[in-house]
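Enquirer: Residue strings, one per chain:
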Amino acid sequence: MNSSTKYIPIIGLEIHIELATKSKMFCGCKNDPFGADKPNIYTCPVCLGLPGALPVPNKKAVDWTILLGLALGSKISTTSKFDRKNYFYPDLPKGYQISQYDEPLALGGRLNDIRITRAHLEEDTGKLIHATVKNRKVSLVDFNRSGVPLLEIVTEPDLRSAEQAVLFLKRLRQIVRYLGISDADMEKGSMRIEPNISLSRNVQKLPNYKVEVKNINSFRFAKNAIDYELKRHQELLEKGEVPKQETRGWNENKNITVSQRSKEEAHDYRYFPEPDIPPMSFSRSEIERIKSSLPELPQQKLERYVSEYDLSRYDAELLTVNREVAAWFEEALGAYIQTVTQGVKQKDNVKASAYAKAVSNWITGDLANLLKKDKAKITEIRLLPGHLAELLYLVDKGEISSTIAKQVFGEVYATGVAPSTIVAEQDLGLVQDSSALDEVVSIVVKENKKAVDELKAGKVSAIGFLIGQVMSRMKGKADPKQVKQLINKKLNI
Amino acid sequence: MTLNKLNVTQAKKQIASRDITISDLVHDVLRAIDRNNKNLNAFLSVNSSALSEAEKLDQQLFNHPAILEEKPLYGIPIAVKDNFLTKGIPTTASAKVLEGYIPQYESTVTSKLKKAGAIIIGKTNMDAWAHGSSTEASDFGSTKNPWDITKLPGGSSGGSAAAVAADMCLAAIGSETAGSIRQPAAWCGVVGMKPSYGRVSRYGVIAMASSTDSPGPITKMVEDARLILSVIAGEDENDATTITKKYKSDPIKPNKSLKLGIVKEYFMKESDQELNSIVEKAIGVLEEQGYKVQEVSLLDPKYAIAVYTIVQRAEVSSNLARYDGVRYGNYRDTFGEEAKRRVMTGTHVLSSGYYDAYYKKAQQARKLIVNNYIDVFKKVDLLLSPVTPTTALPIGATEGQAMFGEMQDVLVEASSLAGLPGITVPCGFVKGLPVGMQITGKFEDEQSVMQLASHYESLTNWNKTKANE
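Line order of the protein sequences matches chains D and U. Quick note: the first sequence uses the numbering used here, first residue 43, plus one each step. Quick note: the second sequence uses the numbering used here, first residue 470, plus one each step.
For the record, the hints were derived by calculation from the structure and aren't laboratory data. Computed from a predicted model, the values in this text were never measured in an experiment. Among the clues, some could well be false.
[To be verified] Computed footprint of chain D on chain U, listed as stretches where at least three residues anywhere in the stretch have a Cβ under 8 Å from a Cβ of chain D:
no., segment
1, 571-577
2, 668-674
3, 812-823
[Stated by the list, open to error] Mimicking DSS-like on lysine-lysine, the simulated pairs with C-alpha atoms at most 25 Å apart in a straight line are:
no., chain 1, residue 1, chain 2, residue 2
4, D, K123, U, K556
5, U, K830, D, K123
6, U, K714, D, K102
7, U, K714, D, K123
8, D, K72, U, K556
9, U, K750, U, K761
10, D, K491, D, K448
11, D, K247, D, K169
12, D, K101, U, K761
13, U, K836, D, K123
14, D, K101, U, K714
[Claimed, not checked] Computed list of chain U residues with no C-beta within reach of chain D, every gap over 12 Å:
no., residue
15, Q528
16, L789
17, G901
We put the CB at the ideal spot given by N, CA and C, even for glycine.
Please take these sequences and the hints and turn them into a complete structure.
Expert: Here is the structure:
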């Protein structure tokens with residue numbers, strides 16, 4: 043029997059996400075630890091934990107946590123509170139972290155068929171920097187991050203592989219970004235994950251140990267760390283040993299995990315209700331108000347693109363990858379339909395699906411390539427959704443060829459000048475004089491005997507070459523369909 | 470005439486009529502501090518620029534007389550307990566751990582006092598971290614009772630109460646977690662007003678037990694307490710636990726329609742019986758005025774001791790965690806014995822396995838206490854009782870008594886846990902030591918408490934008897 047089938051991976055995730063509120067969680071300090079050009083500039087008595095300072099919760103952060111809860115299908119508690127989690131560490135100036143213990147803002151929910159346990163709000167710590175100053179090894183503390191709102195999401199141990207975990211995390215990040223509540227950047231640390239890993243022979247019964255892995259700052263490392271642990275556990279179990287319950291850290295240089303803290307050293311956090319912050323309560327109407335601000339989520343959008351626009355799941359997935367691309371697509375499509383249907387009275391009969399594919403093709407094709415090449419964001423480019431609509435309309439009207447359209451697209455992307463202007467200025471419009479085209483076709487047929495013979499002999503693909511020759515001589519200003527017809531006519535095919 | 474003997478109301482009048490200058494007032498107060506502090510140790514630090522501030526205020530008043538209407542405490546020298554952060558002035562909470570600490574920001578209370586024109590004359594001694602009811606637990610030596618320097622002033626706001634009693638200021642600010650304003654005010658024979666929890670901001674007050682800490686005035690008469698409270702009360706955007714309802718402070722007029730309840734359990738047989746009978750007599754004075762008085766019953770105060778001790782120690786253990794030796798210059802071994810004891814007890818009651826048995830149960834019992842008051846306030850408007858079981862005890866009385874504070878504060882702990890407003894007003898003497906009568910009101914009803922206290926004060930002369938200098 044293959045030993046790897048004996049054990050089933052049991053994986054749960056803890057995810058921390060720094061919320062992108064303007065100010066910190068419990069004070070008015072600017073929340074921008076990554077943008078700060080010096081340490082300890084965004085600080086005040088509250089986030090430095092000075093004597094007598096008191097926390098006042100950030101309403102926006104609370105609303106956003108509820109918003110995420112709603113997006114994950116969680117039950118939003120009508121009452122909630124903050125608690126103190128007591129432990130000592132030099133980056134924690136109060137000696138306790140304000141967190142939520144037994145009454146999180148959101149309970150339950152589901153994403154990618156993984157059950158969500160809870161989502162709660164807490165504060166981030168300062169950052170320790172270990173350095174040598176005047177030949178002395180010292181630890182420096184930067185409190186710019188201290189008190190930044192931190193959303194913690196905990197899943198049930200429902201994941202069965204590293205791949206599944208990464209898919210889940212990517213989907214979660216996508217939702218967080220759709221909600222606009224964080225940039226959820228693993229590299230910067232505004233999204234941090236801690237998988238809990240163990241192996242079991244029986245899914246019904248959780249094993250009596252688990253290993254938590256910290257210090258993971260990319261999806262790739264997440265996958266590697268989980269796989270490394272699963273392998274390590276299996277080897278131990280096969281030797282008849284039970285892996286130690288502990289916290290381990292991912293070492294990205296060596297591609298291994300290393301033990302950080304064992305169960306015996308686990309803290310007793312002595313949670314108790316934070317007396318400085320009154321308990322919170324939320325009315326139904328308040329939760330409804332937050333719910334009404336919930337945008338269309340990626341999964342809903344994807345389904346709508348498929349059903350409403352007749353797009354393939356693959357295209358729909360590409361277009362909904364983030365809110366910005368989806369918005370760009372929707373705006374371009376809207377503008378295209380509006381241009382095409384100008385003067386049409388019965389707009390109800392206009393079907394968006396008739397136009398969506400063309401718009402989608404440009405975005406997932408040419409535009410995606412350009413963005414990738416330039417490492418640009420769709421929100422930052424000169425090419426606007428209206429430009430694409432105009433370009434498509436010029437092709438529809440027969441004013442330019444699809445070949446010219448590609449060229450114009452590239453120029454609009456580079457310059458931001460409107461397609462019609464480029465076409466006019468560079469005289470790129472289709473040559474309307476059919477005798478001129480006729481003449482070129484005659485010349486090409488005459489000069490390319492080999493291709494003509496092949497075509498006549500039944501090699502259909504040879505016509506492509508001939509069309510290309512014509513288009514090139516016409517500098518692209520001919521309609522390839524018309525060219526094809528003319529060649530066929532001339533050769534009596 | 471020595472101007473330091475004035476109360477706030479009198480001084481305001483005389484400043485307004487230009488009978489006195491603020492400089493003269495401050496001069497006399499500083500002289501009184503200079504003369505008495507060696508014996509009493511009420512002040513830990515004195516504001517060295519007080520006199521120049523006073524001169525500036527005199528000048529401003531000369532140029533702009535209307536300033537008196539804008540600033541209700543214009544030129545009034547006020548002493549502040551050393552757990553209120555004062556920017557640029559050392560603040561230690563009488564704890565060695567914070568020796569030499571100079572705050573970078575100002576507490577809401579002191580900034581409101583300054584805005585109202587008050588002069589912070591100095592910072593007063595207290596039990597370290599406000600842990601105690603004697604001021605003997607100060608890391609910088611005990612304060613002594615001005616009525617008898619062999620006696621304790623009470624605490625933890627003992628420095629503030631003694632400073633008021635010895636005319637080393639016109640009024641003082643204290644803070645009470647359970648008894649720390651009312652008990653020392655009673656032992657020192659002055660007025661001590663503990664407002665409802667959340668009435669006065671805790672921002673910038675070195676935390677003791679966050680869920681009951683309440684700043685308040687210690688004064689020579691009730692009207693002064695009303696005036697100061699009207700300045701320091703109100704919602705604070707920096708303290709999420711402050712009461713959002715606007716605080717209305719009407720001028721005090723007697724209101725004989727208030728129904729009074731005598732709390733029979735609070736006249737304990739363990740208490741000084743002479744003290745109990747003095748308070749009974751004081752209630753008799755009110756009865757003669759036509760107030761309706763009836764006997765009411767509350768939970769045995771011993772339950773409050775247990776609940777309060779657990780809740781307070783738990784919060785203390787967490788609140789002191791920031792003094793971890795990494796910041797503030799002094800290591801953890803500079804913590805005093807009492808603080809260490811409280812941190813250990815508090816850590817224990819929050820530990821896993823003990824939380825349910827101690828902290829959680831204490832919070833459940835606390836709800837019972839709150840409900841107990843809600844019930845009794847359906848029958849009466851105000852509750853009357855002694856403040857303390859005894860008058861001021863001798864210096865050294867706390868030695869070996871880990872629960873000294875809790876025992877002394879037995880009659881104020883329940884109302885503190887419920888967040889209720891209460892006052893102590895002088896009502897007599899036992900063997901030359903002052904006795905205070907306690908008036909407790911409904912949550913947010915400071916007005917009735919002060920109405921009755923002021924009426925009683927006007928019917929008697931106890932507050933005119935002064936401590937020997």
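Enquirer: Indicate, hint by hint, whether the structure satisfies it.
Expert: So, going through the hints one by one against the coordinates:
no.	hint	in the structure
1	571-577	holds (count 4)
2	668-674	holds (count 4)
3	812-823	holds (count 4)
4	D:K123 x U:K556	violated (32 Å)
5	U:K830 x D:K123	holds (19 Å)
6	U:K714 x D:K102	holds (23 Å)
7	U:K714 x D:K123	holds (22 Å)
8	D:K72 x U:K556	holds (23 Å)
9	U:K750 x U:K761	holds (15 Å)
10	D:K491 x D:K448	violated (30 Å)
11	D:K247 x D:K169	violated (39 Å)
12	D:K101 x U:K761	violated (48 Å)
13	U:K836 x D:K123	holds (17 Å)
14	D:K101 x U:K714	holds (20 Å)
15	Q528	holds (33 Å)
16	L789	violated (8 Å)
17	G901	holds (38 Å)
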